[in-house]
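Whole structure, please, built from the sequences with the hints as guidance.
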Amino acid sequence: MTSPATISSKLDFRTRGFDFASFAFTGVTGLATLFILLLLGIILANVVWHGWETFSWRFLTGGADQDMFDVRKAGVLPMVIGTALRVLLMTLVVLPVGVITAVYLTEYANSTALTTRIIRGAVNNLAGVPSIVFGLFGLGFFISFIGRGLDAGAAEPLWGKPAILWASLTLAVMTLPLVIVATEESLRAITPGLREASLALGATKLETILKIVLPEALPGILTGGILAVGRAGGEVAPILFTGAAYYMRDLPKAPTDQFMDLGYHVFILSTQSPDIEKTRPILFATVLALLLLTMSLNLVAILVRARVRRKMRAGH
Amino acid sequence: MSEPRDTTKRTVGWMGIHRGHRARPAEWLAEQGIFFVSLTAILMVFLIFVFVAREALPIVLGRMDSAAHRPALPDEQVALLTPDGLRDYLGLTAKEFAGLDKEAIQSLIEVRKEEAKEAPKSPDAKINGAAWRYLLGPHPWSDSATGDRYVWQPVGAIHKYNLVPLFIGTLKTTAVALLFAVPVALAAAIYVSQLARPTLREWLKPAVELLAGVPSVVLGFFGLMVMASFLQRGFGYESRLNAFVAGIALGLAVIPVVFSIAEDALTSVPRAYSQAALARGASKWQAAWQIVLPAAAPGVFAAVVLGFGRAIGETMVVLMASGNASIVSWSLFDSTRSITATIAAELAEAVFGGHHYRILFLIGALLFVATFLTNLAGDLIMHRLKDRLEGKR
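Chains as they are written, first to last, in my numbering: chain L, 1 to 316; chain W, 1001 to 1393.
The set of hints was computed from the structure by calculation and includes no laboratory data. A few of these clues could be false.
Distance ranges between label pairs, derived from CB positions [said to hold, decoys possible]:
{"no.": "1", "chain 1": "L", "residue 1": "152", "chain 2": "W", "residue 2": "1106", "range": "20 to 30 Å"}
{"no.": "2", "chain 1": "W", "residue 1": "1103", "chain 2": "L", "residue 2": "88", "range": "49 to 59 Å"}
{"no.": "3", "chain 1": "W", "residue 1": "1273", "chain 2": "L", "residue 2": "57", "range": "49 to 59 Å"}
{"no.": "4", "chain 1": "W", "residue 1": "1103", "chain 2": "L", "residue 2": "73", "range": "49 to 59 Å"}
{"no.": "5", "chain 1": "W", "residue 1": "1036", "chain 2": "L", "residue 2": "250", "range": "38 to 48 Å"}
For clarity, every value in this text was computed on a predicted model and none was experimentally measured. By construction, the Cβ of each residue, glycine as well, lies at the ideal position given by its N, Cα and C atoms.
Here it is, written out as structure tokens:
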């Protein structure tokens, strides 16, 4: 007679003594995870270690009117402002379009309809387009086509040249999928009961979306916005030909002005410096500034998203 | 959500609340507006293709001539040309041609003669490097010191636009990146999704995904300033920046992509699968390796495909860490030049609308098509996986 207890103990791997395969498998995969975290840690630590000395309040608020390759005088204020401005402009465009698309996909669209599938396919594809291709697109569409079209007949090109406006629009196209996906996720996290309750009280569908669904989804929408800002803040390839300037005396004042950019400046300092050893401290400090900007945004986005996901699990 | 979907014709979306445009005109208008805005994504993909391909079109159709030496016709033959023939001879667009008076045209003809006199005399000067035959095929250039038959050399007296060195460069860096990133990322995905304790998992996933937040220009900087010297000391190769360094740095950009998609795919396998295996006495790793991984195989494959798409499209890392010499060589330790880096480095200097400019758009269009196809494939595979796990197939 074998009792159920003995059967289960026979099938339980823990009773077989030391299981080498299990140990090895867990060890190898665990080490791989550790290795990734280690690489991330090394990158961050290296930048902080070498950049900390030069990174100061004066560095952050210093202008570009001084020599940008001089360790004692160089500052990143124009680049920080340029990056902030282009990201702000981008957000103004991408947030409404992205949120409305997500609202359509979750609240209105019939998920099996062909249009819906094509929209989803387009969003996924947009997310995979190489950043340099966005740069080409910005040049070919915004600058050559729209810009030169607006300039038609003018003696001096005003719109048909690289500008902060075109860089921001290019980045808006690039970050559109991020905003859509994050907003969609938070819209789906809202229990249908909330919508049903609103409708049962006599609200129309539009009222329900505007007054119940969207406020409830705000954290997720913010996550999308923050992710987009974090991603766009560090991107260089799309702005290479659409607006970033090697050097500018003044800050951008009009949407048609070019701008200096933090990420582009990292590229300049690492590849076009007259004396790489001398400018190394500026380079590391600039990278530190860029990383502080993008990583803090990413961290916030991750924390907000974790909250949204917990809520979703609790709600369902 | 498990509510049955109302599929009658007049209802759209959730819960079938839709009263048509007569009952609620404002609602109807809003819905139409929302629908049109949501078409932006489709429009953008379309516009990207059209406007990148548009600039490349003259090259595709073989209408550009990059030859440094174009023989000038004697005056009596020029006089015999039709207006269209004259326009072609001077290389003008219809609009430009229409805006010129006789005197201007005469002076352009003179300029053309001068050019022909001063053009380089080498036998290669008459070759149109922008023709397909020279874009892809070999040519024994007479001034090539190394005897290379595949040459990308857009500046200089004679323009050579062979794309093969660039394809090889992209292939090499992508291969290194995938060989490095895929095993690491997949192992980590298995660990995080299947083996780690839930509390640990909550921390590990976002921590690994934080790597995706490091801008690619920073990864490029890291490859160039830190890893290049470190790896050179370790492996003792000659050229400091090469396909290997760039590939490893590129791997850092690929890891988060492969990790998150594979992790999602593994997590989406119903718990019942692994629980059944565990109940039958499998150990945790056996359940993960023999049950969950095969069930999620399409998703894992999609992760690799999308990682590939990311690797061939990444620009700044390769631009900064690969050395950018367009040599045809299969050695990983030679300096190399990829498609993306070429566009980034050269477009600013290319003459607007010239052959160099258009060829850079052409390789951009090729890149777009390549990533479009990989994304489409990855997408379809993920769809299949979802259907399969939901028991629809």
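Results of checking the hints against the structure:
1. L:152 / W:1106: 20 to 30 Å: 28 Å, holds
2. W:1103 / L:88: 49 to 59 Å: Distance hint for residue 1103 (chain W), residue 88 (chain L) holds at roughly 52 Å.
3. W:1273 / L:57: 49 to 59 Å: 56 Å, holds
4. W:1103 / L:73: 49 to 59 Å: 55 Å, holds
5. W:1036 / L:250: 38 to 48 Å: 39 Å, holds
When each numbered hint is compared with the structure, no violation occurs for any of them.
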